[in-house]
Amino acid sequence: MPELPEVEVVRRGLDDHVVGRTVRAVEVYHPRSTRRHLPGTSDFVAQLAGTTFEKASRRGKYLWLPLRDRGSALIAHLGMSGQLLVVPPSAPGVEHLRVRFTFADAGPELRFVDQRTFGALSISELTDRADVPERIAHIARDPVDPQFDDASFITALRSRHTGVKRALLDQSLISGVGNIYADEALWQAKMHWARPTRTLTRPVVTALLAALREVMAAALAAGGTSFDSLYVNVNGASGYFDRSLEAYGREGEPCRRCGTAIRRDPFLNRSSYTCPRCQPRPRNPHW
DNA sequence: AAGCTCTCCTGATGGC
DNA sequence: TGCCATCAGGAGAGCT
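Sequential numbering from -5 applies to the first sequence in my numbering.
In case anyone wonders, no lab produced these hints; they're calculated from the structure. Think of the CB as a built atom: it goes at the ideal place given N, C-alpha and C, for glycine as much as any other residue. Please note: incorrect hints may appear among the correct ones.
Simulated restraints on C-beta separations [what the hints assert, rightly or not]:
#1 T195 with D259: 46 to 56 Å
#2 D122 with G243: 17 to 27 Å
#3 K49 with G246: 28 to 38 Å
#4 S36 with E89: 37 to 47 Å
#5 D143 with R18: 39 to 49 Å
#6 R110 with P274: 29 to 39 Å
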């Protein structure tokens, strides 16, 4: 469940069902799921045995669970198809089960299920000065973070030499934004994805940020966006924000603002959806 | 050195 | 019915 609202839905589920519990054992069924843990899978398993999850944190699309008295945290990234599910220990095994956590209290177990194995789990040190694990120090604050600095972001965005959507997807500039919410915010701000960042004025970026926050808040309230059962909360339930999408995935359907058919353009090996009338292509696009 | 392309993987879908 | 191409909510290694 990849973008900020979906990952926040999962974080809340972990907060409710996993925080405060002590790990009994961890089983790793696919080595690719721990590839980001450089000391290796056996070290990953050994470090987690007997540890207690202190809390559930998130920045952008990254989740992490600080480990009590260890000075480190379990980091999770869901990639394109990762799920963290809380299920009874007796629940049947499922396809694509990659990692299983059982707990000392014999309560529900935590499963990492990931069809495409783009997701990853690792353990990383927490430093006193940083408020995120070292491994994800390069990830920028997300627009929902109270400490997100609007003025700095606006300056940084305008000084880039690229198109606005590329910049929005750069997790070291602003995190948590992916293909869906970039398209939705751009639609709301009536801005084309190829608009050169250099041409953006401060008020226009301010409006774009507001659009991002608005669409993400609405999506979170709806439990996130899911088109299929791949994107679910820790209980396996889908969100329903897909019904509220204005641009993403709506090729050929009428723009709900002006009635023009939504257009799909190839973009970074996937797609961008725009209303050709509300979001006219810039005269000198930066591809 | 910032910006861009490609690659990792599995499965669904649609055209021929 | 195959078989092949295309597409999918991501990110980071490795180019220029």
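Hints versus structure:
1. T195 with D259: 46 to 56 Å: At roughly 24 Å between Cβ atoms, D259 and T195 fall outside 46 to 56 Å, so the hint is violated.
2. D122 with G243: 17 to 27 Å: Violated: the Cβ-Cβ distance is about 44 Å, outside 17 to 27 Å.
3. K49 with G246: 28 to 38 Å: Distance hint for K49, G246 is violated at roughly 45 Å.
4. S36 with E89: 37 to 47 Å: Violated: the Cβ-Cβ distance is about 25 Å, outside 37 to 47 Å.
5. D143 with R18: 39 to 49 Å: Hint holds: Cβ distance 42 Å, inside 39 to 49 Å.
6. R110 with P274: 29 to 39 Å: For P274 against R110, whose Cβ atoms are near 35 Å apart, the range 29 to 39 Å holds.
Violated hints, in rising order: 1, 2, 3, 4; the structure is consistent with all others.
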